[in-house]
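Undergrad: Read top to bottom, the protein sequences are chains D and Y.
Under my numbering, the first sequence is numbered contiguously, ending at residue 174.
Under my numbering, the second sequence is numbered contiguously, ending at residue 115.
Hints may contain errors.
[Unchecked claim] Derived contacts from chain Y toward chain D, CB cut-off under 10 Å, selection only:
#1 D62
#2 P66
#3 T70
#4 T86
[As the list claims (entries may be wrong)] In silico contact screen, one side only, chain D against chain Y (beta carbon under 7 Å); selected entries:
#5 R68
#6 V73
#7 G76
#8 L84
#9 A88
#10 A119
#11 D153
#12 Q154
#13 T157
#14 T158
No wet-lab data here; the hints were simulated from the structure.
A virtual CB, placed ideally from N, CA and C, is assigned to each residue, including glycine.
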Amino acid sequence: MKFPRTVLFAAISIVATASVARAQAGMNDLEIAHAAYTADLIDIEYAKIALSKTKSAEVKTFAELMIRDHAAVNEGAGKLLKKLNVEAKDNDFSKSLRAGADKKEAELKALNGEAFDRAYAANELAYHQTVNKVVGEIWLPAVQNAELKTFLDQALTTFKAHEAHAGHMVTTLK
Amino acid sequence: MINKNVVVAVLLTSMAACSLPPSNAQSGADAPRTHIVEIRSFAFSPARLTIKLGDTIQWKNDDLAPHTATANGGSWSTETLKNEETGQYVPKAAGSFAYHCKFHPAMIAFIVVEP
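When you get a sec, could you build the whole thing from the sequences and use the hints?
TA: Okay, structure coming up:
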């Protein structure tokens, strides 16, 4: 039985979200901050791979946007942590993000041309869908510190814009 | 008991304040004004602004992501505005024009410049 691509993407997202929800039960503010920071770094890494491989102007523009925006979000996170005089804390969820990214980066590096562009775009859409669901539905309600909550809310606005942009990129690269 | 020196100092300060010009020396009805446009949640607010020729538009970025205010067609642009940074522009002619963020082209807004 063959499923439409959109259904498969949705299914992948649901599975990913369910698993990450289990992986992060009981995370505190500093662990959430670390995971958010890690998620940003990973998307910057994906973008750097894209810039080294793509010949598509649209993919290049998107990758440059990811580097610019996610670096800005992490710069803001660094300032907030410094202001609060705390350090983000590594945790199992950050480690699982890292492990998943290592695998995905290896997959992307093995591709070239249009196959790479489509894979990168699909991954960006799925990644932002998953991260946005986690931030909006799990982290934001759980965070205790008001300033971190405001910060995450602002970051989510940025990531939602990326999700919409990635969706457009997936459509145009088909 | 009230200290007379303090009372005198307060009175002198108040008189001096009353004699000073307004902090914005161009506060007359026809004097050029500065209009603030906030950039928040990936949108310009107000999205449509009407100003007089000679007025200044100042954008303030409240988002974490960097933005610009860039004329459609590219005739002018602010610098890249990071979080909490501001940039400004004084239109050179009357008319209506659209602008956008060069990093996030879905962010669009309009300015009407009256003569």
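Undergrad: Does each hint hold? Answer for all of them.
TA: Results for each hint:
no. : hint : verdict
1   : D62  : holds (8 Å)
2   : P66  : holds (6 Å)
3   : T70  : violated (14 Å)
4   : T86  : violated (16 Å)
5   : R68  : holds (6 Å)
6   : V73  : holds (5 Å)
7   : G76  : holds (5 Å)
8   : L84  : violated (16 Å)
9   : A88  : violated (17 Å)
10  : A119 : violated (24 Å)
11  : D153 : violated (10 Å)
12  : Q154 : holds (5 Å)
13  : T157 : holds (5 Å)
14  : T158 : holds (5 Å)
Violated hints, in rising order: 3, 4, 8, 9, 10, 11; the structure is consistent with all others.
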